[in-house]
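These two chains come separately, so use the hints to put the complex back together.
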Amino acid sequence: MELSQNLLHIIYLLASLSFILGLKMLSHPKTARNGNLIAGVGMTLAIFATIFLYHNAEGAPIGNLPLIFLGLIAGTVIGYVMAKRVKMTSMPQMVSFFNGMGGACAALISLNEFGKYTENNYVETLLNGHVLMILLGIMIGSVSFAGSMIAFGKLEGKIKDYVLPRQQLFNVLLLVIILGLGAYLMVQTEGKTGLLYIITLLSLLYGVLFVLPIGGADMPVVISLLNSFTGLAAAFGGFLYGNRAMLTGGILVGSAGTILTILMCQAMNRSLLNVLVGAFGGQSGQAAATSTEMGVIKEITLNDCAILCNYAQRVIVVPGYGLAVAQAQHITHEFESVLEERGVEVKYAIHPVAGRMPGHMNVLLAEADVAYDKLLEMEEANPLFKNTDVVLVIGANDVVNPAAKDDPTSPIYGMPILDVDESKTVVVLKRGMSAGYAGIENRLFFNDNTRMLFGDAKSSLEKLVKELKNI
Amino acid sequence: MSEIFHFLGQHIEAIYILALSIFLGIEVISNVPAVLHTPLMSGANAIHGVVIIGAIIVMGQADPQNYLALALGFIAVVLGTLNVVGGFVVTDRMLEMFKKKDKK
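In order, the protein sequence lines correspond to chains B and A.
Using this note's numbering, read the first sequence as starting at 8 and increasing by one per residue.
Using this note's numbering, read the second sequence as starting at 93 and increasing by one per residue.
Bound-form chain A, shown alone (with noise of 0.2 Å):
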């Protein structure tokens, strides 16, 4: 019990982050119509892709001797990167179908 306490009040910071976003999250996109649904999703599916950042960092730090380390970084960050850059292109092709729409 003590330890979680003591994890708590380690990362209070985060845990205060955390609290916040969950409710931006929320009021971020409550408005949204049924027509952005799709592209909302797909937009936000692109920015959990923020992960990346976790993956250069575990390879950054990998031990260059550690080939089972080095493998499962390097994945991490193709797969990362695809999350990413597919993510926001999707996206942005979903989009321009919409703009299209709104220079008639």
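Chain B with its partners taken away, still in its complex shape (with noise of 0.2 Å):
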């Protein structure tokens, strides 16, 4: 038994070792994939050494084999299935799922834990760090849980934005009840299940509150913050069973999510605080301009556009969301390739938040067959602009609207934008007039330079390629 506990001890060791290389190499994109298996395999090495070497104080293996090995294989075939399955343009909600899973797992354990803690042990006090980390792991686990499950809610767009009045008062007030009601916990002197049950519903209370007011532009944001949430509700499970590799994981996703949730706020350059009580979809100062005072629009045909794309020099497209929801990316790659035979320069402009996720769009378009090579980032492609014949807006709205630079009311101000409205001629390919994301006006759509061509994204480019071809 000793020399099992050993290797136990030495397996987790290697995990602990895999999952601080995966995330390194995670960090690189030409070792990223290696790095993500890296981690798979540690992590499959230190369930299964869980299972076979572990022995609790008293030298008992792991019981109730059937059931566990029952539940790993109904895990394994659902998330599989689940993650196959998922369209490259639902990622991100698939990830804030799967997110929500493990803050519900490691509040499960929580709770369990505390049943056994208070019914096995005699029990002067429940003022001591194990019952804290039971607490802790309870409430962050079940905030991560309703978070995340809201979060993938907005972005399947089955939840809309809500603000209830005084929402950020009660907010606070409703957490310093819970940190309140677990304090009062800590000090009985017997395990009151009851009063655990009440906690564990107002932190998942908390968590759909959390998230519930803001905006869906934000979500990235909030999916990697929770993300972080649930490595702290692991690593305080790996305190309970002072597991080590539990420990490692959890804390270094903890620290890992939080500087890079901080990064994609870095990106919109707003600060995290802004992002968590700005409140973006809700009622904030929009009422500054509407459409009839911004100008009127000008549409351009398809065959016009044809022709100005023709005899550019150099197109720019700049994909957004809606490039993703209209399935869009093949054909715009079609488009491109017709275009580079006839001696045009294309290229790609990816703003760092550009779909739904920073890195989503290079995603997509690679899916496409897009040369890597192609795809500009914001800072190298807004020196461009100023040479660009023709700039391509497919579903973007956000992320190329000059209120971001010059108008301080606007909800995005502050956030750095593709400089589209230097180029010649701007052609935004879109649905309809309705606003962005963040549910703003564009200016940009009533500049003199600016066209729109109206339609589904997919739709337009198809017949826009075929006018291309009769030129």
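Keep in mind that the hints were calculated from the coordinates and are not lab data.
Beta carbons are placed, not taken as given, at the ideal position from N, Cα and C, and that holds for glycine.
One or more of the hints may lead you astray.
[Stated by the list, open to error] With a cut-off of at most 20 Å between alpha-carbon atoms, the simulated EDC-like pairs for lysine to aspartate or glutamate come out as follows: (1) Lys31(B) - Glu119(A); (2) Lys381(B) - Glu188(A); (3) Lys91(B) - Glu188(A); (4) Lys123(B) - Asp155(A); (5) Lys470(B) - Glu341(B); (6) Lys37(B) - Glu188(A); (7) Lys91(B) - Glu163(B).
[To be verified] Now the in silico label distances, taken between C-beta atoms and shown as ranges: (8) Thr51(B) - Ile167(A): 20 to 28 Å; (9) Lys431(B) - Glu188(A): 33 to 41 Å; (10) Ala163(A) - Gly187(B): 29 to 37 Å.
Spelled out as structure tokens, the structure:
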């Protein structure tokens, strides 16, 4: 048994190292895929080592094996199928969903552990670190679960933004109540399971209310934050069982996730607090300008647009979430190839938060075989717009909204944008005149050098390619 | 207060790991390009699925007569596995796209 315990510890060490190495390799494009694989192998090792080598303090091995394997198999099959079936456009909500599962798992463990702890041990007081870890695991796990589910629903378009009156105050109050009840529970002399359930329910409620008012455009930041929450919850679980793999894995994700969240906020030039408290979608001062005040929009016919692109020297495509929704990445690539054959230089300008998540557009375009060197980051693209004949904005809106530069009352003020208005002509492919995800008008559409091409991005592009071939 | 000190003293090793891991986590991903933000988040998401180990331990020690504990443990194992498997597979699918690009 001594041998098996030592072996278990060594495997946990290897697993922890694989997590560190995995994260490190995930930060570089070339090694990323292998990094993910390494972490996966480490995880698999740790799971099986736990099943076969773990013994508790009394020397009892893991029991209930049939049920455990049943659970593992069920989870594997469901998880694998879901992950394989999900469309590339729905990746962000899938990540959120899986994150919620982890949070729920952490909360359930802590709930279970509380029952066991108060039953089995002769407990003089609950005022100790063990109970604190259990409580934190439950609170953070529940918040992460409920929040992730709301984020999932929002990205799926099933849940709208709600801001209750005085919601910020209410949220703070709720948080104080949860912490107060937790403290109260700890000074009791016996385990009050009912109270613990109340704390769990309130934590779930807090998770819902925490995410509900935050606009859909900010969901990636929220998901990343909840991701690091779940990491913390896992680490508290590691504390409970003195399990070092859980501890290192959880804390690593907790701290890396926090940094990643901050990096994402920086890409939008906003602070985390601003994202969380700013309540983007709500009633933020957007009464500024309505479409009538902004002037008239000018439409362009397919034929004109095709001619314009055909005789251009350089065309830059600005893809946005609309392109992803319309599944237009492949036809965009075809459009690009036709133009390239005619000697037109075609590039893609990718805003850091284009799509629903940073890097989302790159993944989508790569799926359509767009060459890597055609994708320009914002810093590379912005100087080029001056010498660009046609910019094709496909389903993007907020990332090209000049209000971010010159309208301090705009909710997106301060976010760096793609300076498409500097080019000779901007053609905007758009379904209709609805506002972007941030829910604000875009003055770009009313500019003198902007032309609108209304319709579904995919069918518009298909027609455009056809027109091009006729020229 | 003494309980807290007692707890800290007992778990000093874990606290070391905790403190060092925090810095490690920050250090390890500090140079990530924006392109990789989503896959990295997804990969990290899979890694915190390590909580499954806790679920297995809980389940493995549950009294076979205690149906509530068994049910909670079972759900925890399923959810934890979902997190691990789904997380890694989704991340791999995202990164697969990048690989294709490299070949060109």
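Results for each hint:
no. : hint                              : verdict
1   : Lys31(B) - Glu119(A)              : 9 Å, holds
2   : Lys381(B) - Glu188(A)             : 18 Å, holds
3   : Lys91(B) - Glu188(A)              : 12 Å, holds
4   : Lys123(B) - Asp155(A)             : 10 Å, holds
5   : Lys470(B) - Glu341(B)             : 12 Å, holds
6   : Lys37(B) - Glu188(A)              : 11 Å, holds
7   : Lys91(B) - Glu163(B)              : 17 Å, holds
8   : Thr51(B) - Ile167(A): 20 to 28 Å  : 21 Å, holds
9   : Lys431(B) - Glu188(A): 33 to 41 Å : 38 Å, holds
10  : Ala163(A) - Gly187(B): 29 to 37 Å : 30 Å, holds
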